[in-house]
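Q: Residues per chain are reported as follows:
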Amino acid sequence: MDSRQLLAQLFPHGHEVTIADDFISGTATLDGQGISVIGTSSHTPIGVEIALAQARAVLATVRDYPQRPILLLVDTQGQRLRHRDEMLGINSYMAHLGKCLELARQSDHKIIALVYDQALSGGFVTSGMMADACYALPGATIRVMGLPAMARITKVAEEKLTALALHNPVFAPGPKNYERMGGVQAIWNGDLAQCLRDALLQADPRDQRSELGQQRGGRRKSQQVIDAVMLQAAQTAQVE
Amino acid sequence: MSSYLEATARQRVAALISDFTEFLPPAKEWTSPHLPQLNAPVSFDDGVIIGRGTIDGKQVYVAAQEGGFMGGAVGEVHGAKLVGLMRAAVIHKPQALVLLAESGGVRLHEANAGLIAVSEVMRALLAVRAAGIPVIVVIGGSNGCFGGMGIVSRCANVIIMSEEARLAMSGPEVIETANGVEEFDSRDRALVWRTTGGKHRYLLGDCKMLVADDDAAFKAAIVQGMQDSIQSEVALSLAALEAEQEMLTARLQDFGNKTDPMDIWAAMGVEHPEDIAMLDTQVFLQLTASIRQTERQHG
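Line by line, the protein sequences give chains U and G.
Going left to right, the first sequence walks through residues 1 to 240 as UniProt numbering numbers them.
Going left to right, the second sequence walks through residues 1 to 299 as UniProt numbering numbers them.
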């Protein structure tokens, strides 16, 4: 979906959100509540500049608008694949964005993310995946990489991967598979303003994605492992 | 001298940590459920060792990634072991969490689960810091620290590297495949090292301590990192992140128009940037001590 159409549907009573050089930022109002809107458009790759711009907007919200909710709008083809970005330490810029979002959460800001078009690997992990809950539109693309590239790297035939992807969401891209694994809270349909309203009411600062993945059957082992580690840590602590 | 670079994860734990107790020791139960479907081999620890022990007499929680198994990449079980360790640390409050990182990032064989796991690790790591426990990342393995783990590492309080270590986001091969050999020649080892290696990361301020490739040197640096943390703020704060925002903005302004890391070193005031590669770690540290400015601020 086009980012301007999306904003109009999310905020039918108007907003002051601008899009400049694929960077989305500004303020919108929902039921009289101000919301900081931060994100990217046009599948833009996340390079050092746009990571820093998003971080600046998050910090400004934490500094100037205590507890104001944050809505992250995600559309990216992933991290920018350039020598210059690596030389400047793009991982530091991305980590900084992730830390700013965590600071916002620790400072009682609710953080909702919406993948409205594309979300690919490195561009997504320090934005949408750092939210309290990440949602997606039905037509969104979410993946680490496509099956052809995965076939090349893992040296497993693409036909086999495609067949496996039917039953195991771990191999298959798409919002429904991320929902089954707990990485996406839910897929939004219909009245997007109402979806956002509900999401803000349900926002929970605890990371419950591994529990969700277990409940929904798309990622069963993760929570088992976490529980087993925590049990053993508690047992060895008692031995002392 | 005992090389950290060539050691396995278990050898590193044995060399650095005393009284080590492993959580989830190797067992068939804790292998990847996904790899067998691709006819790929599994490992009974899924490429990461976790547990508790002591260093310099102080209680620490430790994780060590094994580069020898799928390059240390993060799959569902591997990631969940890290998350479990970090959540346990919040409860039992060791004096530090030490992560011996060696990883190519998300394990592509379990792509989606690996990606979610990396973001769970990020959040769990920052929860450890929020509990007042410093997180120390050590990078010195031959596989480097890339992708999602390159991001996770920069969420820690302290990063310790050797000059042979590499820290970055996308590997040179990935960039070359996407944008051509003229963008980044992955076979130009000197360029790869200048761009991702320990000395460059140290000069930029992305790693706090640079040590020789020696177990004892790494151990001393971890002890130093733990001591330094006592006097500094461990949790995230608005002030520290605003300082980091300023530092990263200045870096972009000062060096954003450079094309080679040597140009950055020259702009910083290194007189003979072409000599940097050959300098022994101690000589390098002495030579650059005065020019490594306020860049070291970590968020």
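Check each hint, because a few of them may be wrong.
Said to hold, decoys possible - Simulated pairs of lysine to aspartate or glutamate, DMTMM-like, Cα-Cα distance not exceeding 20 Å:
#1 U:Lys176 - U:Asp227
#2 G:Lys93 - U:Glu49
#3 G:Lys58 - G:Asp215
#4 G:Lys258 - G:Glu271
#5 G:Lys93 - G:Glu233
#6 G:Lys93 - G:Asp228
#7 G:Lys258 - U:Glu49
#8 G:Lys28 - U:Asp227
#9 U:Lys155 - G:Glu29
#10 G:Lys58 - G:Glu6
#11 G:Lys258 - G:Asp275
Said to hold, decoys possible - From the structure, some residues in chain U lie toward chain G, with a derived Cβ separation under 10 Å:
#12 Ala51
#13 Gly78
#14 Lys160
#15 Asn177
#16 Arg197
#17 Leu200
Calculated directly from the structure, the hints in this document are not laboratory data.
Bear in mind the structure is a predicted one, so any value in this text is a computation, not a measurement.
Glycine residues also receive a C-beta, built at the ideal position from the N, C-alpha and C atoms.
Q: Would you pick out the hints that fail for this structure and give their numbers low to high?
A: 1, 2, 9, 10, 16 and 17
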